[in-house]
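Novice: Please dock the two separately framed chains into a single complex, following the hints provided.
Now for the letters of each chain:
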Amino acid sequence: DVVLTQTPSTLSATIGQSVSISCRSSQSLLDSAGNTYLYWYLQRPGQSPQLLIYLVSNLGSGVPNRFSGSGSGTDFTLKISGVEAEDLGVYYCMQATHAPLTFGSGTKLEIK
Amino acid sequence: QVTLKESGPGILQPSQTLSLTCTFSGFSLSTYGMGVGWIRQPSGKGLEWLANIWWDDDKYYNPSLKNRLTISKDTSNNQAFLKITNVDTADTATYYCARFGPFDYWGQGVMVTVSS
Chain U
1 DVVLTQTPST
11 LSATIGQSVS
21 ISCRSSQSLL
31 DSAGNTYLYW
41 YLQRPGQSPQ
51 LLIYLVSNLG
61 SGVPNRFSGS
71 GSGTDFTLKI
81 SGVEAEDLGV
91 YYCMQATHAP
101 LTFGSGTKLE
111 IK
Chain L
1 QVTLKESGPG
11 ILQPSQTLSL
21 TCTFSGFSLS
31 TYGMGVGWIR
41 QPSGKGLEWL
51 ANIWWDDDKY
61 YNPSLKNRLT
71 ISKDTSNNQA
81 FLKITNVDTA
91 DTATYYCARF
101 GPFDYWGQGV
111 MVTVSS
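If you read the protein sequences in the order shown, they are chains U and L.
Everything in the first sequence is counted per the working numbering, starting at 1 for the first residue and increasing by one.
Everything in the second sequence is counted per the working numbering, starting at 1 for the first residue and increasing by one.
Please note: incorrect hints may appear among the correct ones.
[Stated by the list, open to error] In silico BS3-like cross-links for lysine-lysine, where the CA-CA straight-line distance does not exceed 30 Å:
| no. | chain 1 | residue 1 | chain 2 | residue 2 |
| --- | --- | --- | --- | --- |
| 1 | U | Lys108 | L | Lys5 |
| 2 | L | Lys45 | U | Lys108 |
| 3 | L | Lys73 | L | Lys5 |
| 4 | U | Lys108 | U | Lys79 |
| 5 | L | Lys45 | U | Lys79 |
| 6 | L | Lys59 | L | Lys5 |
| 7 | L | Lys45 | U | Lys112 |
[Said to hold, decoys possible] Facing chain U, a subset of chain L residues (Cβ under 10 Å, in silico):
| no. | residue |
| --- | --- |
| 8 | Gln41 |
| 9 | Lys45 |
| 10 | Thr94 |
| 11 | Gly101 |
| 12 | Trp106 |
Honestly, the hints are just simulated from the structure, not real lab data.
Glycine included, C-beta positions come from ideal geometry on N, C-alpha and C.
This is chain L alone, in the form it adopts within the complex (with noise of 0.2 Å):
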């Protein structure tokens, strides 16, 4: 049974760093072809993708959040992070991870707001 939790600081002051984390189970990041994603949503608005990586450590960036943007695995506790940097109130949103298949398991979801 694949399974994915987002795990976040909730909120978060204009400027920091927004460090997420997504604890799965059910499949490895280290087998041939997996990959995770992050993905996030705006009250009540669309859905954005942000990054993905792959079990070999290949990395891809939305390039729309320029250099903002830190993905990364602990492939030995089954874990993907993101880091964005110097947040603002744009940042505000709830960030899924999914197992890139693509996407076909998502976790619930945590809510970040950035706010002063």
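Just chain U, same shape as in the assembly (with noise of 0.2 Å):
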């Protein structure tokens, strides 16, 4: 199975601060077709995850442009441009170039 690793597993920041979660995968995630299929999602305390980053930097519907994604093959990155409190929860990566899917094992983000 590919095994995505988040880092760091804890964040703290500030309001406004800007902030970078890191996803690496254990082997790449383009495929033969030149597709990329890494996903980030959000989870609030008590809700379910939402959608953030669809195909590694494309914003999911309604996704504030403060959300940005990047990266390729085993390197990903969700950047946050300036914290709001609302962005508080954990954030995952998730995989679905190879079977079976696999999520990372989340970021937390802390508002200081």
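Specialist: Listed below in structure tokens is the structure:
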């Protein structure tokens, strides 16, 4: 199975600060057709996960543009440019290039 | 508007079969390219993908659960189902269904406890 390693596991930020979360894959997520099936989700406390970013860098519907995704191959990054209070929660990356689908272990964002 | 809602037994005993239902609206599992997946999350832990079913009845399972999983659908009633046989305490979790977009819309989740 593909292992996705997220760092850091916990992140503390002040309002307005920019932060980045890394997601490293144990193998390349680029498939033979040239697609990279890497996604980011946010799970706020007590809520279901919600899609933030699809296919590495595309913003999900209704997602604020302070969120951005980048990367290729095995290294991917989620950036929040100007953290807001509503951004607290656990962030997960997920890959769908290789079966079975796998999630990273999560990064908890705390607001100072 | 896309919505999904899970339902299940709440509590069951070890060795029993867990039956979950996902009732959705705003899309159809008879539409080309559509799929629904099941994901679970033990309390305080991360997400684990379990299975997907597609519009053409293609199915994919997480091999870590070996042959315990069965996913199915009822297109006419906009429902998807998941059965897990021979449950034990390790299957205690919140179970989510989500539209495979992938997983662009999620249900609220249903808590399942396996206890004797």
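Novice: Could you work out which of the previously given hints the structure breaks and list their numbers from low to high?
Specialist: none
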